Amino acid sequence: MSFADQFAFRDRLEGIERKGTLIGIALVTPAVALVLVTIVYPFLNAVQISFTDLGTGQFVGLEHYQWLVSHDGFWTFTWYSIVWTVGNIVLQGAFGIGIALLLHEKFFGRDAIRTVMLVPFVVPTAVTAITWRWLFNSSYGPLNYWAVEFGVLSGAVNPLTETSYALATVTLVNVWRWTPLVALVVFAVLQTIPQEEYEAARVEGAGLLQEFYHVTVPHLQGSLTILGLLGVLLTFNIFDMVWLLTEGGPVGVTTTLPVFIYDIAFNLQNIGRGTAVSVVLFLMLVAFVVAYFQQEEFKGGTFG
Amino acid sequence: MTKIELDHVTKEYGSLVAVDDIAIEFTEGAYTMILGPSGCGKSTTLRMIAGLETPTRGDVLIDGEVVTDQPPRHRNLSMVFQSLALWNHKSVRENMGFGLQMEGVDKEERNARIEEIAAVLQIEDKLDQPPSELSGGQQQRVALGRSLVRKPEVILLDEPLSSLDEKLRLEMRTELARIQQELGTTFVHVTHNQEDAMTIADEILLLNEGEVQQFGPSLDLYHEPDNEFVADFIGSPSINLFDANIVENGAVRLDAGGISLDLPERHRDQYLSVPRSDVRVGVRPESMYLGDDGESGWPAFSATVDVVETFGDYNWYYLQSDLEESLVSQSANVNVMNSLSRGDEVTVRVNPESVHLFDPKSGEAYF
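Protein chains in written order, with the working numbering: chain A, 1 to 304; chain B, 1001 to 1367.
Read the hints as simulated data drawn from the structure, not as lab findings. This structure is a prediction, so every number in the text was calculated from the model and none was measured. Any given hint could be a false lead.
Ranges of calculated distance between the beta carbons of each label pair, as one might list FRET restraints [what the hints assert, rightly or not]:
(1) Thr1054/B with Pro194/A: 18 to 24 Å
(2) Ser1135/B with Pro194/A: 28 to 34 Å
(3) Pro1037/B with Pro124/A: 56 to 62 Å
(4) Leu27/A with Ser1135/B: 37 to 43 Å
(5) Asp1220/B with Phe107/A: 45 to 51 Å
(6) Pro142/A with Val1017/B: 38 to 44 Å
(7) Ala94/A with Lys1107/B: 46 to 52 Å
(8) Gln1122/B with Glu105/A: 53 to 59 Å
(9) Leu101/A with Pro1037/B: 52 to 58 Å
Taking lysine to aspartate or glutamate pairs in the DMTMM-like style, the calculated list, with each CA pair at most 20 Å apart, reads [as the list claims (entries may be wrong)]:
(10) Lys1361/B with Glu1175/B
(11) Lys1090/B with Asp1106/B
(12) Lys1151/B with Asp1106/B
(13) Lys1167/B with Asp1128/B
(14) Lys1361/B with Asp1255/B
(15) Lys106/A with Glu1053/B
(16) Lys1090/B with Glu196/A
(17) Lys106/A with Glu1211/B
(18) Lys1361/B with Asp1128/B
(19) Lys106/A with Glu196/A
(20) Lys1090/B with Glu211/A
(21) Lys1151/B with Asp1063/B
Listed next, the stretches of chain B that the computed footprint assigns to chain A, with coverage defined by at least 3 CB atoms under 8 Å from CB atoms of chain A [unchecked claim]:
(22) 1067 to 1073
(23) 1095 to 1103
Using N, Cα and C, we set each Cβ at its ideal position, and we do this for glycine too.
Turn these sequences into a full structure, and let the hints guide you.
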């Protein structure tokens, strides 16, 4: 190859590279445009609104933020949101894994149960909420009727209207709704674990618990990490289930941040303040995601 | 040293009999191969010894003690799995130390034992990597190492060589034999490969359709097969088998496909005990001599060379004759190897000492 040839060759390579870059840009443009229009623009708009009094159209600076920081309710509701989210994730994880382990054993009717199990997940949230409200109702709900009938309770109690039980009850209903998804995912992963890995552990002296800890858990870790991430983000943002069950009550004990935002923005008609809470909620989740990605699983770790 | 015994063990899966009434005593400290074609029940047999399957009937005994219902961890044995079953979320060191960890051995001693075995297996520098980063042969060593570290009395191996390429398989095969001899541990190794079994086993248990075909020192199976299945399964290329009639009891002459094979007087009494006139005759390729080879008094017939396979120090000859089946002959005779090629007529002599006769119905060897 002469020098001239080499240069020509390099030019051609660069040409190909330039062309490749152009194609690349062309391919991501629609996605980027979509994100800009549907996420970035509304978000920036929201940030702008959070600095504005929408009634007068005046720029009010940090006024809305000052309000929320000094508002006791905001910190309480943030705490409720955390309790709600952690409770959901922990319980869904525990029940989901438990159910998946049971389903992994072969027994009569297993396939039927696996199908029926998905019902809570398939039923629309509104139907779920109404059904549970009816079940818990103190005057005509069957749960109270049975509880009183069989002497478990002395009088009818609707846990959705009791300040000490409401948040736990709402959490449990949501757990009931989402656990099937966790169970299904875990069940699918369980089926990919080679039987011989369990047998090797058994031959080397492991008991059932040790098999679970040394073989099952490491195989589940990857999926559980992703489920945990999605679960936290989805659960923290859930509005419909809580609103339909309790509307945030009684006396605000089930008011999570999304419910709070709805209340301020649409009931109290203060869009500016509502938007400020939204922006804070968004930042909290971003902070969570950033922290979450510091885990080993996301660092292309050596084992896995 | 530990003795494993199978006391009339049967394993049924529904109506399928996977293992049918096996009664065997494995020799202590020996390298035993359980051999047989796919689906013969060899893996099931191994898994019953391991305690991963429970026999439908019969008992597994280790050192005279019935362990049929004991879990694997009470049997002081270890197992190398076909898929190796290494845990990729653990390092090689953690994989190998797992058994000791389960026994509650402290970390320091664990590491000492792991490093000792890793040195034997030449994987000392791989200990802190996950198994998935190792080559196939190294992973094989890790799996073996995991079994060896605990120093169990018995090591069970389920087709451990089948996932390796040919060269590595031969290497690991030799190494398994070496390690077994060094440690004196009882090895029970399942394989479908008769060559692996013949080359390194002290004794072979040959199974077919869940039944014991023959159990004994490997050369016994080669030279004194109990039945036609054993004769056919052991040896590669397979033994030559053909239908024959005993036409003349007094002189014992086999009339096979128009070819007469006079068999020697020495075995006459035995032949005379053969109750039927039709028999199956088996002759190993190396007992079929070509051209001037063999002794002139041996029964001879002529054949045509069909295919020659060259191996350097010996050749295989596939021959056409008046017999129904084509025959294989092995020759290491330089004169024969240089002179014979496809289409040549050649005289075939059979060493009568190494002729096997089988009952055509049951396949049982007559002697």
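Consistency of the hints with the structure:
Checked against the given bound of 18 to 24 Å, the beta carbons of Thr1054/B and Pro194/A, roughly 21 Å apart, stay inside it. Evaluation of the 28 to 34 Å hint for Ser1135/B and Pro194/A yields a failure: the beta carbon distance comes to about 20 Å. Between Pro1037/B and Pro124/A the CB atoms are about 57 Å apart, so this pair conforms to the stated range of 56 to 62 Å. In this structure the hint that Leu27/A and Ser1135/B lie 37 to 43 Å apart at CB holds, the actual value being about 38 Å.
Against the hinted window of 45 to 51 Å, the Cβ-Cβ separation of Asp1220/B and Phe107/A comes to about 48 Å, which satisfies the hint. About 54 Å separates the C-beta atoms of Pro142/A and Val1017/B, a value inconsistent with the hinted range of 38 to 44 Å. Under the hint 46 to 52 Å, the C-beta atoms of Ala94/A and Lys1107/B, about 31 Å apart, miss the expected range. Distance hint for Gln1122/B and Glu105/A: a CB-CB separation of about 42 Å, inconsistent with the stated range 53 to 59 Å.
A hinted range of 52 to 58 Å for the beta carbons of Leu101/A and Pro1037/B is inconsistent with their spacing of about 37 Å. Of the pairs offered as hints, the one joining Lys1361/B and Glu1175/B is violated, with about 42 Å between alpha carbons and a cut-off of 20 Å exceeded. A hinted pair counts as satisfied when its Cα atoms are at most 20 Å apart, and Lys1090/B with Asp1106/B qualifies at roughly 18 Å. The suggested pairing of Lys1151/B with Asp1106/B holds, with an alpha-carbon distance near 16 Å, which does not exceed 20 Å.
In summary, the hint linking Lys1167/B to Asp1128/B is not supported, as the alpha carbons are separated by about 27 Å, beyond the 20 Å threshold. Of the supplied pair hints, the one linking Lys1361/B and Asp1255/B holds, its CA atoms being roughly 18 Å apart against a limit of 20 Å. For the suggested pair Lys106/A and Glu1053/B, the alpha carbons sit about 16 Å apart, so the restraint of at most 20 Å is met. Between the alpha carbons of Lys1090/B and Glu196/A the distance comes to roughly 16 Å, so the proposed pair stays at or under 20 Å and holds.
Between the alpha carbons of Lys106/A and Glu1211/B the distance comes to roughly 30 Å, so the proposed pair goes past 20 Å and is violated. At roughly 59 Å between alpha-carbon atoms, Lys1361/B and Asp1128/B are farther apart than 20 Å, so this suggested pair is violated. Between Lys106/A and Glu196/A the CA atoms are separated by roughly 17 Å; this keeps the pair inside 20 Å, and the hint holds. This hinted pair checks out: Lys1090/B and Glu211/A have alpha carbons roughly 14 Å apart, not beyond 20 Å.
Taken as a hint, the Lys1151/B and Asp1063/B pair is honoured in the structure, with Cα atoms around 17 Å apart against an allowance of 20 Å. Residues of the stretch 1067 to 1073 of chain B lying with their CB closer than 8 Å to a CB of chain A number 3, which satisfies the three-residue condition for coverage. Against chain A, the stretch 1095 to 1103 of chain B contributes 4 residues with a C-beta closer than 8 Å to a partner C-beta. That satisfies the three-residue criterion, and the hint holds.
Of the numbered hints stated above, those contradicted by the structure are hints 2, 6, 7, 8, 9, 10, 13, 17, 18, listed in ascending order.
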